[in-house]
Amino acid sequence: MKFIYTITKSYKVILLSLLLSTALFKAQTQKPLNIIFMIGDGMGVSQVTSAFYFGNSEPNFQKFKIVGLSETSSTSDWVTDSAAGATALSTGEKTYKRAIGVNKDSIALPTILEQLQKKNYQTGLISLTSITHATPASYYAHVKDRDLHEDIALDLVKANVNFLAGGGLKFFNKRKDGKNLLNDFAKLNYNIDTLKLSKPVNNKNNFYLLAQDEMPNKVQGRGDFLPEATQTALDYLSKNKKPFFLMVEGSFIDWGGHAKDGEMMVKEVLDFDKTIGVVMEFIKENPNTLLVVTADHETGGASIGKFIEKDPATGKEKNTKDKVQINFIDNQHTAALVPVFAMGKGEELFSGVYPNNTIYHKLINALKKSGIKIK
Amino acid sequence: MLFKNYKVVFLLFLLIGINISAQNPKAHSHNDYEQKIPFWYALGAGAQSIEADVILENNELFVAHDKKSISKEKTFENLYLKPIEQTSDMNLNLQQPVQILIDIKTDATTTLRKIISEIQKHPKIINQKIFSFVISGNQPKPEEFISYPEFIKFDYQNLKNLTPQQLEKVALISLNFKQYSGWNGKGGLTEEDLPKVTNIIKEAKSFKKPIRFWAIPDSKTSWNFFVNAGVDYINTDKPKDCVEYISTLKTRTFKNNIFSEVYTPKFLYKNKNIPVKNVILLIGDGNGLSQISSSVLANNGQLTLTQLKNIGLIKTSSTDNFSTDSAAGASAFATGKKTKNRFIGIDSDGKAIENITEILSKKGFNTGVITTDEIIGATPSAFYAHQKDRGMEKEIAEDLSKSKLTFFAAGGKSKVSDIPQFTIAETPESIGKNKAQRLAYYMSDNAVPSILKGRGNILSDLVENGLQYLNSKNKPFFIMIEAAQIDSGGHSNNTGTIVTEGIDFDRAITKAVQFADQNPGTLIIITADHETGGFSIPHGDLQTNTIEGDFTTEDHSATLIPVFSYGPQSETFIGVYENNEIFHKILKVLKIK
Numbered sequence: 001m002k003f004i005y006t007i008t009k010s011y012k013v014i015l016l017s018l019l020l021s022t023a024l025f026k027a028q029t030q031k032p033l034n035i036i037f038m039i040g041d042g043m044g045v046s047q048v049t050s051a052f053y054f055g056n057s058e059p060n061f062q063k064f065k066i067v068g069l070s071e072t073s074s075t076s077d078w079v080t081d082s083a084a085g086a087t088a089l090s091t092g093e094k095t096y097k098r099a100i101g102v103n104k105d106s107i108a109l110p111t112i113l114e115q116l117q118k119k120n121y122q123t124g125l126i127s128l129t130s131i132t133h134a135t136p137a138s139y140y141a142h143v144k145d146r147d148l149h150e151d152i153a154l155d156l157v158k159a160n161v162n163f164l165a166g167g168g169l170k171f172f173n174k175r176k177d178g179k180n181l182l183n184d185f186a187k188l189n190y191n192i193d194t195l196k197l198s199k200p201v202n203n204k205n206n207f208y209l210l211a212q213d214e215m216p217n218k219v220q221g222r223g224d225f226l227p228e229a230t231q232t233a234l235d236y237l238s239k240n241k242k243p244f245f246l247m248v249e250g251s252f253i254d255w256g257g258h259a260k261d262g263e264m265m266v267k268e269v270l271d272f273d274k275t276i277g278v279v280m281e282f283i284k285e286n287p288n289t290l291l292v293v294t295a296d297h298e299t300g301g302a303s304i305g306k307f308i309e310k311d312p313a314t315g316k317e318k319n320t321k322d323k324v325q326i327n328f329i330d331n332q333h334t335a336a337l338v339p340v341f342a343m344g345k346g347e348e349l350f351s352g353v354y355p356n357n358t359i360y361h362k363l364i365n366a367l368k369k370s371g372i373k374i375k
Numbered sequence: 001m002l003f004k005n006y007k008v009v010f011l012l013f014l015l016i017g018i019n020i021s022a023q024n025p026k027a028h029s030h031n032d033y034e035q036k037i038p039f040w041y042a043l044g045a046g047a048q049s050i051e052a053d054v055i056l057e058n059n060e061l062f063v064a065h066d067k068k069s070i071s072k073e074k075t076f077e078n079l080y081l082k083p084i085e086q087t088s089d090m091n092l093n094l095q096q097p098v099q100i101l102i103d104i105k106t107d108a109t110t111t112l113r114k115i116i117s118e119i120q121k122h123p124k125i126i127n128q129k130i131f132s133f134v135i136s137g138n139q140p141k142p143e144e145f146i147s148y149p150e151f152i153k154f155d156y157q158n159l160k161n162l163t164p165q166q167l168e169k170v171a172l173i174s175l176n177f178k179q180y181s182g183w184n185g186k187g188g189l190t191e192e193d194l195p196k197v198t199n200i201i202k203e204a205k206s207f208k209k210p211i212r213f214w215a216i217p218d219s220k221t222s223w224n225f226f227v228n229a230g231v232d233y234i235n236t237d238k239p240k241d242c243v244e245y246i247s248t249l250k251t252r253t254f255k256n257n258i259f260s261e262v263y264t265p266k267f268l269y270k271n272k273n274i275p276v277k278n279v280i281l282l283i284g285d286g287n288g289l290s291q292i293s294s295s296v297l298a299n300n301g302q303l304t305l306t307q308l309k310n311i312g313l314i315k316t317s318s319t320d321n322f323s324t325d326s327a328a329g330a331s332a333f334a335t336g337k338k339t340k341n342r343f344i345g346i347d348s349d350g351k352a353i354e355n356i357t358e359i360l361s362k363k364g365f366n367t368g369v370i371t372t373d374e375i376i377g378a379t380p381s382a383f384y385a386h387q388k389d390r391g392m393e394k395e396i397a398e399d400l401s402k403s404k405l406t407f408f409a410a411g412g413k414s415k416v417s418d419i420p421q422f423t424i425a426e427t428p429e430s431i432g433k434n435k436a437q438r439l440a441y442y443m444s445d446n447a448v449p450s451i452l453k454g455r456g457n458i459l460s461d462l463v464e465n466g467l468q469y470l471n472s473k474n475k476p477f478f479i480m481i482e483a484a485q486i487d488s489g490g491h492s493n494n495t496g497t498i499v500t501e502g503i504d505f506d507r508a509i510t511k512a513v514q515f516a517d518q519n520p521g522t523l524i525i526i527t528a529d530h531e532t533g534g535f536s537i538p539h540g541d542l543q544t545n546t547i548e549g550d551f552t553t554e555d556h557s558a559t560l561i562p563v564f565s566y567g568p569q570s571e572t573f574i575g576v577y578e579n580n581e582i583f584h585k586i587l588k589v590l591k592i593k
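Protein sequences, first through last, are from chains H and C. When we follow the working numbering, the leftmost residue of the first sequence carries the number 1, and every step to the right adds one. When we follow the working numbering, the leftmost residue of the second sequence carries the number 1, and every step to the right adds one.
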């Protein structure tokens with residue numbers, strides 16, 4: 001309407017009809033948007049930077065045009081954790097640390113995954129940690145503490161997520177209550193594989209539980225699980241005519257920071273970047289897709305600086321010019337703004353500086369623009 | 001907008017930080033004998049309390065955790081008494097007092113008797129003033145304290161009352177932290193534990209003796225909590241890291257008291273195809289994302305800067321180093337070519353390259369530079385000079401007199417001889433309406449004072465007036481504005497400098513954005529040459545605008561640097577790219593080849 005006001009009055013009618021017809025035309029051609037949401041746990045700007053210095057080729061991060069910055073504080077502490085961080089991203093509300101899918105009064109909130117299921121979306125979650133860990137859990141579970149893994153696993157039984165890949169087998173089949181939840185999943189038409197990332201079964205939900213606890217990290221030899229699981233999920237989800245929402249977590253970037261392990265951090269960032277490449281290829285073929293990459297917080301106060309080493313001859317410290325090194329201030333989270341990268345339909349919504357929970361609302365806006373009626 | 005919903009804030013600081021803060025927190029080297037080099041490592045690190053567990057076995061005093069781990073050479077005398085004697089033989093001129101906390105693992109009376117006789121074998125030790133001996137672990141009853149010699153004091157591990165005489169023999173009070181909380185040292189204490197711990201500290205403090213907890217988590221977050229809670233000796237297995245942390249806590253923690261009034265930009269340029277006329281390039285020297293984050297947090301959660309929508313990231317490496325310096329960084333912006341560190345306006349082979357002020361002045365632009373550095377500083381000089389080292393101050397000053405600049409305002413008057421081409425303005429306020437053809441203003445003879453040293457609002461006054469002056473010439477202009485001293489805060493690891501200079505930068509940015517809203521066709525680019533200090537923000541309190549920063553280095557880092565842009569064609573500056581691209585993008589939007 002605003003647009004019409006700025007136009008000379010005599011053209012009003014013509015314009016109005018023009019607008020109406022384009023709107024109608026749009027409604028016919030609009031297709032519900034696919035969303036791929038990638039969370040680099042603990043991935044601040046220095047972690048992203050490491051992809052530029054340690055990779056063999058130009059990082060996929062360089063291909064993004066849209067960059068935003070997200071402020072990550074929780075309601076209980078301005079240095080957040082992965083539970084409050086992921087819940088803000090999945091529900092649109094900031095909450096207290098340790099909260100999974102509940103608000104600051106511990107009341108369950110609908111997540112974007114649940115809302116989209118009601119709109120006939122397919123859904124998928126991929127993580128390197130236990131699938132019951134804070135970040136993936138915040139998309140389907142509602143519990144007041146992140147450590148309630150067995151309760152979170154019960155919530156997953158009810159969640160009807162079409163594609164699941166990660167670790168955490170023991171929370172399903174070696175439980176204190178003696179239940180074997182894998183039987184429940186089997187009854188619910190899930191294809192379960194606890195050994196390898198096999199070919200998904202098309203008319204079933206697919207659940208890959210490939211470690212008792214978390215998957216190995218890159219240094220321990222995880223291989224290409226993350227990009228391969230992402231490719232598998234995209235193939236599986238796009239076979240259908242239905243739109244999808246897929247969350248992919250690069251979990252160990254955070255763990256690299258906690259361990260103050262530069263090598264692990266860098267290898268995990270590069271693995272995440274490679275996975276971004278898989279998604280970017282998908283977007284080329286499927287332009288009706290929005291990719292958003294961000295982090296829940298920064299971990300370790302990482303910085304990338306000069307490589308200082310002792311000269312063995314003189315014992316003096318010197319700056320080795322062609323080497324860089326990762327330094328950490330500590331093994332904990334920090335309050336720095338974290339980057340947001342977006343590509344695809346609706347990417348322009350993600351420019352600027354904003355609180356982390358508004359990322360959820362931006363996703364909802366992008367969905368609305370693609371014709372989905374959603375609150 | 002940011003942090004709007006934020007109400008519950010760091011209970012720790014509110015409850016304790018302000019009320020009882022330890023004046024001089026000291027590190028206690030826990031189980032010191034387990035360090036690779038006992039005693040000397042802790043002493044060299046600056047720990048002021050060193051713990052030795054002693055065991056009496058076959059009338060010999062061993063330092064060990066239990067009888068199983070006794071080793072023949074590791075006697076109390078070899079590991080502690082002889083080294084203490086050596087410190088006076090070597091004339092080390094130690095200043096800080098150091099207590100040797102002797103934790104008796106065997107029978108109190110006989111072991112203590114042996115300790116006393118061992119110490120008495122070294123009269124030099126008894127006569128010195130630096131080292132004191134405090135008995136912990138198994139110890140005699142308080143009633144017997146006074147019967148021991150002058151050089152023996154006690155570690156009281158109780159909160160029962162003592163007589164004044166007994167109290168005189170007490171050197172410190174130590175308590176088991178595990179009794180009050182199972183905290184793991186991450187985040188903060190739980191709401192149940194926090195009052196328990198603060199109350200017990202208050203009670204212990206009533207003895208007016210230094211206090212220590214043992215069995216505390218050994219992390220920075222934990223050290224931070226106990227220092228702020230008023231604990232005097234911080235128990236640690238990492239004496240070097242702990243001393244470094246607690247001794248720098250003051251300069252790394254800053255309660256902010258200067259603010260930038262946030263301006264909401266009008267975004268009038270949106271969806272209009274306005275050609276770019278004027279370009280304002282603002283450079284925050286050393287202003288990485290954590291620096292910006294700290295200014296945001298200290299300025300009540302927002303800045304004018306964070307109202308802007310178009311964001312990019314640049315890679316700042318120079319041709320000879322991953323971490324650039326300001327010379328190579330500014331030269332990349334000014335000439336469009338990456339070059340070596342220390343080089344000013346020349347390429348890696350040493351050849352002078354035409355810079356943006358030279359190119360644009362040929363096209364009829366007026367050009368200017370404002371900086372809170374000296375005019376011959378690396379960043380400003382890259383916009384007018386061509387020299388092979390940033391330290392060649394005389395040659396750079398000569399380049400200034402040959403430059404095409406219409407206007408500059410900076411410090412460092414004494415470094416520049418006469419420049420008759422320029423009229424010298426007397427005050428910042430007189431610049432705006434000045435009719436001089438070329439104009440300069442000096443803020444100081446040498447370095448410009450910092451905000452913390454009372455520089456005041458002069459940067460934003462100069463920006464407002466400088467823009468008015470250039471605009472009055474009715475020609476397009478290019479100006480580079482540098483907030484030079486955010487970098488100094490990174491180099492000196494001073495959080496207060498980073499925060500105040502960052503907020504002052506935002507006041508300058510506000511003037512630029514307001515100018516752009518009043519003068520369509522003005523494009524603003526805000527970035528930094530590099531990050532300084534490997535800065536990050538592990539703790540703080542939004543309600544009191546308090547920031548604790550931490551640093552990994554005193555040098556620059558290579559992390560990606562944000563670029564904010566505002567005005568027509570500002571979307572050209574989004575994405576992830578190299579720093580020298582900024583130059584090419586500016587020429588592109590001005591349609592200059």
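Some hints could be false.
Stated by the list, open to error - Which stretches of chain C does chain H cover? Using the computed rule of at least three CB atoms under 8 Å from a CB of chain H, they are: (1) 64 to 73; (2) 258 to 269; (3) 569 to 576.
To be verified - Below 25 Å or equal to it, Euclidean Cα-Cα: the simulated BS3-like pairs (lysine-lysine) are: (4) 588/C to 65/H; (5) 260/H to 199/H; (6) 178/C to 369/H; (7) 65/H to 160/C; (8) 160/C to 186/C; (9) 270/C to 65/H; (10) 277/C to 36/C; (11) 337/C to 369/H; (12) 63/H to 238/C; (13) 309/C to 63/H; (14) 588/C to 260/H; (15) 260/H to 413/C; (16) 272/C to 65/H; (17) 238/C to 65/H; (18) 186/C to 260/H; (19) 63/H to 277/C; (20) 124/C to 141/C; (21) 369/H to 119/H; (22) 36/C to 260/H.
Unchecked claim - Label pairs and their in silico Cβ distance ranges: (23) 65/C to 221/H: 55 to 63 Å; (24) 107/C to 179/H: 51 to 59 Å; (25) 106/H to 207/C: 25 to 33 Å; (26) 544/C to 106/H: 24 to 32 Å; (27) 519/C to 369/H: 51 to 59 Å; (28) 65/C to 173/H: 35 to 43 Å; (29) 178/H to 65/C: 41 to 49 Å; (30) 374/H to 199/C: 33 to 41 Å; (31) 193/C to 196/H: 43 to 51 Å.
Hints listed in this document are in silico derivations from the structure and should not be mistaken for laboratory results. Note that beta-carbon positions come from the ideal geometry of N, C-alpha and C, so glycine has one too.
Quick rundown of the hints versus the structure:
no.	hint	verdict
1	64 to 73	violated (count 0)
2	258 to 269	violated (count 0)
3	569 to 576	holds (count 3)
4	588/C to 65/H	holds, 17 Å
5	260/H to 199/H	violated, 36 Å
6	178/C to 369/H	violated, 56 Å
7	65/H to 160/C	violated, 67 Å
8	160/C to 186/C	violated, 32 Å
9	270/C to 65/H	holds, 18 Å
10	277/C to 36/C	violated, 66 Å
11	337/C to 369/H	violated, 42 Å
12	63/H to 238/C	violated, 43 Å
13	309/C to 63/H	holds, 19 Å
14	588/C to 260/H	violated, 43 Å
15	260/H to 413/C	violated, 47 Å
16	272/C to 65/H	holds, 21 Å
17	238/C to 65/H	violated, 45 Å
18	186/C to 260/H	holds, 15 Å
19	63/H to 277/C	violated, 29 Å
20	124/C to 141/C	violated, 29 Å
21	369/H to 119/H	holds, 15 Å
22	36/C to 260/H	holds, 22 Å
23	65/C to 221/H: 55 to 63 Å	violated, 37 Å
24	107/C to 179/H: 51 to 59 Å	holds, 56 Å
25	106/H to 207/C: 25 to 33 Å	violated, 42 Å
26	544/C to 106/H: 24 to 32 Å	holds, 28 Å
27	519/C to 369/H: 51 to 59 Å	violated, 34 Å
28	65/C to 173/H: 35 to 43 Å	holds, 42 Å
29	178/H to 65/C: 41 to 49 Å	holds, 42 Å
30	374/H to 199/C: 33 to 41 Å	violated, 50 Å
31	193/C to 196/H: 43 to 51 Å	holds, 45 Å
The earlier numbered hints that this structure contradicts are 1, 2, 5, 6, 7, 8, 10, 11, 12, 14, 15, 17, 19, 20, 23, 25, 27, 30.
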